[in-house]
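Participant: Read top to bottom, the protein sequences are chains C and P.
Its first residue numbered 75, the first sequence is counted upward by one per residue in the numbering used here.
Its first residue numbered 75, the second sequence is counted upward by one per residue in the numbering used here.
Hints in this document: simulated from the structure, not taken from any laboratory.
Incorrect hints may appear among the rest.
Identical copies go unnamed one by one, so any copy, or any two together, can satisfy a pair.
[What the hints assert, rightly or not] Each computed DSSO-like pair below joins lysine-lysine, with the alpha-carbon atoms no more than 27 Å apart:
id : residue 1 : residue 2
1  : K145      : K421
2  : K421      : K147
3  : K362      : K274
4  : K145      : K425
5  : K362      : K181
6  : K565      : K145
7  : K512      : K145
8  : K348      : K362
9  : K512      : K147
10 : K180      : K362
11 : K512      : K565
12 : K147      : K430
13 : K425      : K147
14 : K619      : K145
15 : K430      : K145
16 : K654      : K425
17 : K329      : K348
Chain by chain, the residues run as shown.
Number of protein chains: 2
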Amino acid sequence: MHGTLPEVTGVSIAMNDTPTTTAPSSPRMKGDYFPVEEGKPLTLGPPRRQNSGTNTPRVRPTTLDIPGLTKSKVSPDGRIAQRDVGAKLVIVMVGLPARGKSYITKKLARYLNWLQHDTKIFNVGERRRHEKAVPNVPKEPEDEAMEQNSSFFDPDNTKASQIREQVARETLDELLDYILNKGGSVGIFDATNSTLDRRKMVMDRIRERAGPDLNVLFLESRCVDENLLEANMRLKLNGPDYRDMDPVVALEDFKKRIKVYEKAYVPLGDYEEKNHMPYIQMIDVGRKIISHQIKGFLMAQANYYLLNFNLAPRQIWITRHGLSHDNISGKIGGDSDLAPEGVQYAKSLAKFMDEKRHEWDMKQIEDMRKTHFPPQPGDATPPNPYYRPQSPTAERPRPNANTSAPNGTSTTSSATDLSALDEDYTPKAFCVWTSMLKRSISTAQFFNDEEYDTKQMRMLDELNAGVMEGLTYSCISTQHPTEYAARKRDKLHYRYPGPGGEGYLDIINRLRPVIVELERMTDHVLLVGHRSVARVLLAYFRGLKREEVADLDVPIGMLYCLEPKPYGVDFKAYRWHKEKEWFYEVPNFELKRAEDDML
Amino acid sequence: MHGTLPEVTGVSIAMNDTPTTTAPSSPRMKGDYFPVEEGKPLTLGPPRRQNSGTNTPRVRPTTLDIPGLTKSKVSPDGRIAQRDVGAKLVIVMVGLPARGKSYITKKLARYLNWLQHDTKIFNVGERRRHEKAVPNVPKEPEDEAMEQNSSFFDPDNTKASQIREQVARETLDELLDYILNKGGSVGIFDATNSTLDRRKMVMDRIRERAGPDLNVLFLESRCVDENLLEANMRLKLNGPDYRDMDPVVALEDFKKRIKVYEKAYVPLGDYEEKNHMPYIQMIDVGRKIISHQIKGFLMAQANYYLLNFNLAPRQIWITRHGLSHDNISGKIGGDSDLAPEGVQYAKSLAKFMDEKRHEWDMKQIEDMRKTHFPPQPGDATPPNPYYRPQSPTAERPRPNANTSAPNGTSTTSSATDLSALDEDYTPKAFCVWTSMLKRSISTAQFFNDEEYDTKQMRMLDELNAGVMEGLTYSCISTQHPTEYAARKRDKLHYRYPGPGGEGYLDIINRLRPVIVELERMTDHVLLVGHRSVARVLLAYFRGLKREEVADLDVPIGMLYCLEPKPYGVDFKAYRWHKEKEWFYEVPNFELKRAEDDML
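For reference, chain C alone in the conformation it holds in the complex (with noise of 0.2 Å):
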């Protein structure tokens, strides 16, 4: 290891291809922490070279790569180098039907490549369904709970399972070629997975194509909680299948087909701990998290997100402070306060926050009305556990005016008191956050303090323009044209120039604590942001593309609104008009590059 080894050219390479004994110099995949026990793990593919001779390939340490904020000769640009096998991840999604899967594989992959992360989801049964060289093959056992012939996913039937590991093995190759050789960091394998026989295929295939460094994770989403499952299965009847159907029947339905594949399901736990291999186990989304042998800087930060789920309704409110004195005079970063326009708007978004919420807190009511176990048709669509089922009324403790209200007043019912229609109810804290420059905390200025918690975060803080600030941007392309070139020609990875200049990788990197918050917490929010805060905060939310992101369309006067449901984000957004003093819904709405690229 050190620079005067002598030279053993090929000695190490061949004595590693004497047979494997069982003694503990069998290869350690890299990162366990503990002795690989007695006998060699089934799983690890060829053995390891070790670093016993010069020429032989050593073991790199795989640290944290942050776009933007790391740098090495490998990788000027901070992205996971083509080279460090080691630093890639292939995360393999384990989980019977209606477990929620693809919702965390989407959500997941959509976090990563926001980091920057080049990620990617393989998903078996879409392969299938597009499949043209293998005619009439048959679907996934997750597809196929979906339809009637449900004997033909019986692990019995041979035939049909080896075409269907045929295609899983295709899918499983384009995922290798992905981060192998073309560039990708991440690739999620979207499939059921949940046979020992299966998950053996998988390993022996990566370890076969990749060699013993490529981390690979697998990832089960398992439900326990009767309630959360049948609100998933219940997700599932709004499919085309069962959309007409009795939902009481078709959910009897549903369930004997997923009696199918519990007979060869065998969760992750034992077979992974004895052969170290990585696993996170999700119980309940959110409720109670597994986590075995994470290793690796990716695996990590794949593993602190997933630990921050929750399904809670809620509303997620984003909007740029309103018009300043710079915004007027088209001077870019600085900290003017608020035009009296400005005021204005601070004002109308206090009072349409205050409508919204209550709006909500009634349709929420509603909906939780709409619930029952068993489903019944008409019931509220979709389905969320966090919709607590409402309670036979016999069971519901009335209260008793004699013992609780000694005074006689007894409770008066009223279009605004949200206990009077439901006494369980307990309406959302509502935060409300600004950024700590003056024209996004005095946006903020008119929300009640009783009604709202404000609080001021500098990750929220405008892109800083280093030198630039205080300039408009027709004096930037007079003063520094090559610098304008350059932030014109690549946005998102420019760096505005001098102390504190910042460039949109690093507004990324700051607002990543925020994200996960958001993910965290189960109350609603505002977030009264700047331009390119804005832009990164609905990147992440809407899953743009990195090319989107640093040209969005973000003008001042427009409130986003998103919304987490058991299927992905629903969002709207509202534009305010001015002399209405009031926001109003743009019907379809899409988001759309800026017209002016400067900005």
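Take the given structure of chain C and dock chain P to it, following the hints.
Facilitator: Chain P in isolation, oriented as in the chain C frame:
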């Protein structure tokens, strides 16, 4: 909840004084993800007031509080407000003796304090030892495990256990005083708490005094891995009671004592899950972690940190860049390159690291040879499960010259050929991390790319002095006397004015991912930082007090080495000798305050 709510003074409170029923309206703990099951949870304490009247305290959201980066009316400094009991955290440790509880406790408290969240450990055993009011009170099982009279700690000995419970309660009350009355944010209750009865007592007392909002996290350390457990126990054998005993006899003795506590031990799990109580169970330090109903920002932070624990032996080196041109002229900030003396420093550094790295490898191989199971007298201490035990010679594979070296060459043994010394030994990778500033990058220029993995990180950049960049301190004192005085008054909380201007709290915040990464990785690392960065890094590893951080004496030319050990962190310091171009250890080195308090 909305402005027009009718006044129903007292009614809603009175309503909640009715006997609690078994129906779903029973109080839910804040942040519970799922409806409380039928039957009142045992440990919820007084029922939660509902939000049905305007004068009942409403549930406040607990979102991220980052000192220096967040701000609100109730928390102008970003610390957790005294009012926000729901944002505070009590951590209750659980675990049998010799499971590393105190190690985890100390490390976690060090991390949280470093993040500026006031954290304190309340150790039941320590209190008992110093207890004057209750003379002759027996010790905690944990202490007793080291003593002779183990029958005294038998759970069947009711009198002793009553006295022990009393001291536990007093310690807990002290913790609650700290959280509720003395501004503390996190209190850690360090005791075995291995029985259900004890844990119920703890929860009841917390709910009784703090109400339902205060977050409580149970944190257990379990050892399933026999080698790790044995290593932990052997660490105890270095204590005063066993030091001079035959280690084999001592170990047997210690094991017998632990058996006593196992009688009434109930690990975290079923009971806590049934009662919706958040917990984290660490199994085999970092191998496997179960996180249950983690809620609140602080709990999520603690969870993330604990997930990245490992005990791998390795070295963490910290130094500042070599002398730069700006150092000579006394200018702060900027991006000047190294002066000739700085280049000389860079050369010495690369050579010295080569030497120290090799020395460490040799020591490691030697330690591994000295580790036996069962332990033998004279074994290397402290034991570490990462020191792979040497297998009996008979089971060790020896390279067979006939099959492994087809060219007839045998492996030659040389002083530097580590694989010849121990063919199982894989030397660790070595990372060199610099900032993105020239003087730091240049200081790492002589490290061999084949042997060291060099990476630049923006997180390691020097504190940005905003508008003061490029000035000398004497300039600042004359041109900006108010700023000069403000910084002198409170350097830790001072932030330089102007775009990008930073303070020490910003440095802590941007080094947080670096610290977590240092805890996560198992390789050696050298960090080539700057004054503020080195101060903040050392503050973390040395657990410095808040007021010490910003005034630490960290001159150019010093090199610090931190080596995590099972009992803490070994700390050494080396001083560069310019003429000899080499580093020499400073005996009994202690960090001290800088003489010039403006630096």
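Participant: Each hint needs a verdict: does it hold in this structure or not?
Facilitator: Consistency of the hints with the structure:
Taking identical chains as interchangeable, the C-alpha atoms of K145 and K421 lie at most 27 Å apart only when they sit on different chains, with a minimum of 22 Å there against 45 Å within one chain. Taking identical chains as interchangeable, the C-alpha atoms of K421 and K147 lie at most 27 Å apart only when they sit on different chains, with a minimum of 20 Å there against 52 Å within one chain. Taking identical chains as interchangeable, the C-alpha atoms of K362 and K274 lie at most 27 Å apart whether they share a chain (26 Å) or sit on different chains (21 Å). For the identical chains of this complex, K145 and K425 are inter-copy neighbours only, at 24 Å across copies versus 47 Å inside a copy, given an alpha-carbon limit of 27 Å.
Both within a single protomer and between protomers do K362 and K181 lie at most 27 Å apart by alpha-carbon distance, with minima of 18 Å and 24 Å respectively. Taking CA atoms no more than 27 Å apart as the test, K565 paired with K145 passes inside one copy only; the shortest distance there is 19 Å, against 31 Å between copies. In the homo-oligomer, the alpha carbons of K512 and K145 lie at most 27 Å apart only across protomers (13 Å), although the nearest pairing inside one protomer, at 34 Å, exceeds that limit. Proximity of K348 to K362 under the C-alpha cut-off of 27 Å is found in both arrangements, the shortest distances being 22 Å within a copy and 12 Å between copies.
Taking the shortest alpha-carbon separations for K512 and K147, only the inter-copy value of 15 Å comes in at or below 27 Å, while the best intra-copy value is 41 Å. For the identical chains of this complex, K180 and K362 are neighbours both inside a copy (20 Å) and across copies (25 Å), given an alpha-carbon limit of 27 Å. For a Cα distance limit of 27 Å, the shortest separation of K512 from K565 qualifies both inside one copy, at 26 Å, and across copies, at 25 Å. For a Cα distance limit of 27 Å, the shortest separation of K147 from K430 across copies, 25 Å, qualifies, whereas the shortest one inside one copy, 52 Å, does not.
In this assembly of identical chains, the alpha carbons of K425 and K147 lie at most 27 Å apart only when taken from different copies (21 Å versus 54 Å within one copy). Only within a single protomer do K619 and K145 lie at most 27 Å apart by alpha-carbon distance; the minimum there is 23 Å, versus 33 Å between protomers. For a Cα distance limit of 27 Å, the shortest separation of K430 from K145 across copies, 26 Å, qualifies, whereas the shortest one inside one copy, 45 Å, does not. In this assembly of identical chains, K654 and K425 lie within 27 Å of each other by CA distance solely inside one copy; the values are 12 Å within and 73 Å between copies.
Taking the shortest alpha-carbon separations for K329 and K348, only the inter-copy value of 26 Å comes in at or below 27 Å, while the best intra-copy value is 32 Å.
When each numbered hint is compared with the structure, no violation occurs for any of them.
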